[in-house]
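In the order they appear, the protein sequences are chains A, B, C and D.
To convert, note that position 347 of the first sequence is 347 in my numbering; the numbers rise steadily by one, no gaps.
To convert, note that position 46 of the second sequence is 1046 in my numbering; the numbers rise steadily by one, no gaps.
To convert, note that position 7 of the third sequence is 2007 in my numbering; the numbers rise steadily by one, no gaps.
To convert, note that position 260 of the fourth sequence is 3260 in my numbering; the numbers rise steadily by one, no gaps.
Careful, some of the hints might be misleading.
Said to hold, decoys possible - What follows is a set of in silico ranges between Cβ atoms, one per label pair, in the way DEER data are often shown: (1) C:P2057 to D:R3201: 57 to 67 Å; (2) C:Q2307 to D:G3148: 56 to 66 Å; (3) C:Q2087 to D:S3166: 51 to 61 Å; (4) D:E3168 to C:Q2087: 42 to 52 Å; (5) B:E1269 to A:R324: 28 to 38 Å; (6) B:T1063 to D:P3057: 31 to 41 Å; (7) A:D176 to D:R3150: 40 to 50 Å; (8) D:Q3169 to B:S1095: 55 to 65 Å; (9) C:D2268 to A:R358: 54 to 64 Å; (10) B:A1039 to A:G115: 30 to 40 Å; (11) D:D3292 to C:P2308: 42 to 52 Å; (12) C:R2274 to B:E1065: 37 to 47 Å.
Stated by the list, open to error - Covered stretches of chain A (chain C as the covering partner; in silico rule of three or more C-beta atoms under 8 Å from a C-beta of chain C): (13) 24-38; (14) 249-259; (15) 262-276.
Just so you know, the hints here were simulated from the structure itself, not pulled from any lab data.
Cβ coordinates follow ideal geometry from the N, Cα and C atoms, glycine included.
Protein chains: 4
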Amino acid sequence: MSNSYGQLFRISTFGESHGPGIGVVIDGCPAGLPIEAAAIQAALDRRRPGQSELTTPRSEADTVEVLSGLFEGRSTGTPIGLFIRNQDQRSHDYSHIQHAYRPSHADYTYDQKYGHRDYRGGGRSSARETAARVAAGAVAAALLAHHGVRVRSYVSQVGAVAVPVSYEQLDLSLIDTNLVRCPHPETAARMADLIRQTRDRHDTVGGIITGVATGVPTGLGEPVFDKLHAELGKAMLSINAVKGFEYGSGFAGTLLFGSEHNDAFYTDEAGRVRTRTNHSGGIQGGISNGQDVYFRVAFKPVATILQPQQTINDQGEAVELAGRGRHDPCVLPRAVPIVDAMTNLVLADMLLRARASRL
Amino acid sequence: MSNSYGQLFRISTFGESHGPGIGVVIDGCPAGLPIEAAAIQAALDRRRPGQSELTTPRSEADTVEVLSGLFEGRSTGTPIGLFIRNQDQRSHDYSHIQHAYRPSHADYTYDQKYGHRDYRGGGRSSARETAARVAAGAVAAALLAHHGVRVRSYVSQVGAVAVPVSYEQLDLSLIDTNLVRCPHPETAARMADLIRQTRDRHDTVGGIITGVATGVPTGLGEPVFDKLHAELGKAMLSINAVKGFEYGSGFAGTLLFGSEHNDAFYTDEAGRVRTRTNHSGGIQGGISNGQDVYFRVAFKPVATILQPQQTINDQGEAVELAGRGRHDPCVLPRAVPIVDAMTNLVLADMLLRARASRL
Amino acid sequence: MSNSYGQLFRISTFGESHGPGIGVVIDGCPAGLPIEAAAIQAALDRRRPGQSELTTPRSEADTVEVLSGLFEGRSTGTPIGLFIRNQDQRSHDYSHIQHAYRPSHADYTYDQKYGHRDYRGGGRSSARETAARVAAGAVAAALLAHHGVRVRSYVSQVGAVAVPVSYEQLDLSLIDTNLVRCPHPETAARMADLIRQTRDRHDTVGGIITGVATGVPTGLGEPVFDKLHAELGKAMLSINAVKGFEYGSGFAGTLLFGSEHNDAFYTDEAGRVRTRTNHSGGIQGGISNGQDVYFRVAFKPVATILQPQQTINDQGEAVELAGRGRHDPCVLPRAVPIVDAMTNLVLADMLLRARASRL
Amino acid sequence: MSNSYGQLFRISTFGESHGPGIGVVIDGCPAGLPIEAAAIQAALDRRRPGQSELTTPRSEADTVEVLSGLFEGRSTGTPIGLFIRNQDQRSHDYSHIQHAYRPSHADYTYDQKYGHRDYRGGGRSSARETAARVAAGAVAAALLAHHGVRVRSYVSQVGAVAVPVSYEQLDLSLIDTNLVRCPHPETAARMADLIRQTRDRHDTVGGIITGVATGVPTGLGEPVFDKLHAELGKAMLSINAVKGFEYGSGFAGTLLFGSEHNDAFYTDEAGRVRTRTNHSGGIQGGISNGQDVYFRVAFKPVATILQPQQTINDQGEAVELAGRGRHDPCVLPRAVPIVDAMTNLVLADMLLRARASRL
């Protein structure tokens, strides 16, 4: 019972990888927001499978249908229903996994929790569910754009290949200029090589995505439990394959002393309050302080590998299992729009929540 | 408006560091649970200031008063109200910070969000609020104990001084045998030295706490948004000074290939399903799989340092500020019971939620 | 932002009367519940327009499509998505109401709240939204049937024509044997006459529906705010055109003295605790006591009448407006399945909530 | 698990009639609202027992202590904690009810739900819990006053003695000029007589309270489930002893035809949109339309009567029980501030929610 996210800008997703499709209902989008189906479609196109040689060859057009909530080019204030039909449901043979538990997948835990699982491509546990989040995220992005906020994330590490500079030293407009979605061209090329080599070895590789939000007004985030970074963390950790989250100085910040870590305030020439460093990641006491919000998200290597693995079946007997089908050797490039979407959803919700607290 | 945590085992905290006290209301604790006020007091005693030379000399007895919900030694099913009066409210002089924004504190953001702040010791943004969490966490721990679950966390790193082995190789019963709450005695001694040196330099130091939950049944965690690790992450990130969270293989897992990272299933001699490795941290698809749940939490160095710092006042003018008062040079030892508490609260909530999903 | 109902068995509805269709997502239905699309369709068929001469001639097939959550004849524990496409969207001429505010409709208030409204047949404020509730209610009814609970409601009054006996003296299996859905045949005939006469006068008439739930176990209802009757009341009052709710003795109970009103407990021959009277309506202290739960719901006459009425337009100018189109002279017969649905949804949610409170 | 009410202006109550006291935490009150403890105390004084010969002689000072959230005469935006210690806890003899189920009380259902009950004066099911609501309602009233909204309710019927005119024809400033809280002096006198006679017969009597809110802006209420009247209905039905709720024309409206019931719009001399009648009770489509909001609430006669009654004990055996102690012969006069409080709480929450839906 947790297929919804958000308090005031609230999404509820539904659908399985091999059922009729994937959908989402957005409740709480203010009326009058200009939003076109084309913007939603564009976001989905960034995420859809089959985009390049680096991702799964599974091909889905992922065409969004607007079921409700938009009228004459604007939101109406009523729930926005979006649906993406599954198309590539070729009659796969799932007999090899119908009774076997794939290692590091959700097969075993779903069986334990629900007494049953949808063995066709993972059912609800498939990352296909994130298509719904990306569609909803496009609406959140439109709301944020209306308020001057912009979210951009990029692949900053694949395996051990890492972008050598921080986000401020990058031109984020380059993110979509390569298949990896890394705005540092030389590193992007090395990442692509690593992904190809890994794919050819029938293996998979993980990495890190860095998220950046600019134009965030002061005052977003709700202490004490729904601190801005706590909600960002939850949202990121809810994405398939994510193993860690840090913001600002993050884990590396534990190595600094307080005298090094503190961000000194000053007033700039324009009279705006700034901090000289931003170890705080734009968030202090759980509330945005007007500086850039940035964070890093760790993705494990995809669990499905095209190699034989030892596991057990639902009778507890040892079996050998070899992955089949069409899978991503590295999810990072396609996860970038998902990180964007979840960040947009968190910020849109916090934007509406911040309003409600005014006299 | 986020002073509550949990869906079914739900806590709402209130109170400020320099008002009458700190309190919490627990709604949803099942009736009939044996719980004594002494167990709640014992948890508070682990967190309270003034325990040792390594922590703040500010001394608070932190005596809990049970306002409701317990009757004849058991929970009644009605809300459990707990209150801890502030005692050490000596008439400090806060004039130095009444108008100045302390670097990397919540002063500026609270002013921006609420148009006003309680300058007395941080008000609601003070870590003193976590006393309420610790009190509530003791009730959650009693519920979990009733179901065979046990949570223990410890300091695994201070500055660059780290425990050299993983949690399985430690005797967790040693956690409370030293002031640092690190169950690796030699490392604990080195950590204590580093904290003393840092204190004497009027500086502060951060570090990492590792949390471990054993006896967790399969099936806890609610896909897709409230995955077990997503809720743990949010809960940890909601603690003051936390900058990052990772579970299982975490950020290090991004350096492994899928063939290395996957956890092979097997059936042990007792017929129990196990995994040969536990990179998954006991959670697959957001749901506990019966293995140990473990994670790491990054704490930044405390922002209050007893050195002069450059900052601005609420008129935007540059001012110099020097910390005063009694503060922790390192929060890690006292944060251990807080990490315990939030872990207990997450697991208790998930335990109740898992029941509700049964036919 | 309130298009959802329920805490653990939670529905979220979406869609407008003249958009692509009406839908609902059910989150929290336990896995393994046997449920067929045919049962959902049967519930919709009871509600759909064009059933008889007493209701609107607007004809919609109201065919449900299952978008997710059911697999091999059972619920999977994932969200159940249901969608009903609008079919009878003939290009009506809405120019007469595009700028005029229909009396006692939601036109004016939607314009005020959202700065805009969907003038095509009421948009989201149309009772067509209740189709989604009826579809979801059929799933709730299946869950309740699994636990021995059965909900039946019927028309007990139309205008001043009322069933002369209480529900215990009726054979509720007769509800669907006449067009009015009143299990007292002579009264049903008089009600039908009144509806026909009203229709022929181009007017509308209201009435009362009585709801009855049998087999309700003890312990449903959550004090203090979500008392069982408080949730039933809210659910009923959320139905279009409802003006009042009472349970048990209701408003008439205010005329009794305590010595007359109290329900004496006794133990029956089977050793079961019973009450000699049931002024409590099966609920004491907000919690079901094992007796029948019953209540009454007041519906106003439909606001759309085929007569000229004085009103204003969105410029505040006086205009005359005459209803057009195909409307119900009396909604009561078609509201019976809606009352059933909302009752089932409340009880299903309370059933799951009651479980969560056990140790 | 339902001791909270409200989405954005949210209260959580705790405490039992015979424990340390009754409390409430208000989360979501905007910062900067001027509010004095004296205003909260004044509201409590209207509700407290022992006010007059018409109510229970049980005497409680009901002094409120502010535990958090107010600083220098204003709300801070953090949770407002309020606590009222129980004082009159004389060591009553509850042995007569410790094992017996009082008719039409919550004894039996609490035992069934929680496996246990607090037999001392009803514990949590006691109407004493409403003191917390009244305290919180005073804060809500301050927020509403800031926005021009005013709530007043009064006793309109006791037993069969009813005020003969509608609320518009009354001078509501007279409500507190008599013991019954009925602004129609002659009727008030007759009501007082009836209450005295009933008390002297050791019996109890019910009645009706009418609630009126003036100055309500357009746009409050959230379709489709949280319609303004649906939330008002739930809030009223959550008050002890309430059996029914109706708004506007209510149950009587079922006797009108649509042509009689519809409220014609017009623009008044000041250019303000009005309706010529107000059968809608100020709410259309679940949203306030700027007219007065009014409703009626039915209270059953109090269950505790000072006469012998037949019942059973917790072994299912027949026993005779006679009420003892100090009880109200009629709760209506003291329920007026409770109806006020819940109305204020609903409207304050809806006011904040309406803001969140703006672009």
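Verification of the hints:
| no. | hint | verdict |
| --- | --- | --- |
| 1 | C:P2057 to D:R3201: 57 to 67 Å | holds (58 Å) |
| 2 | C:Q2307 to D:G3148: 56 to 66 Å | violated (37 Å) |
| 3 | C:Q2087 to D:S3166: 51 to 61 Å | violated (46 Å) |
| 4 | D:E3168 to C:Q2087: 42 to 52 Å | holds (46 Å) |
| 5 | B:E1269 to A:R324: 28 to 38 Å | holds (32 Å) |
| 6 | B:T1063 to D:P3057: 31 to 41 Å | holds (36 Å) |
| 7 | A:D176 to D:R3150: 40 to 50 Å | violated (56 Å) |
| 8 | D:Q3169 to B:S1095: 55 to 65 Å | holds (59 Å) |
| 9 | C:D2268 to A:R358: 54 to 64 Å | holds (59 Å) |
| 10 | B:A1039 to A:G115: 30 to 40 Å | holds (35 Å) |
| 11 | D:D3292 to C:P2308: 42 to 52 Å | violated (27 Å) |
| 12 | C:R2274 to B:E1065: 37 to 47 Å | holds (43 Å) |
| 13 | 24-38 | holds (count 5) |
| 14 | 249-259 | violated (count 0) |
| 15 | 262-276 | violated (count 0) |
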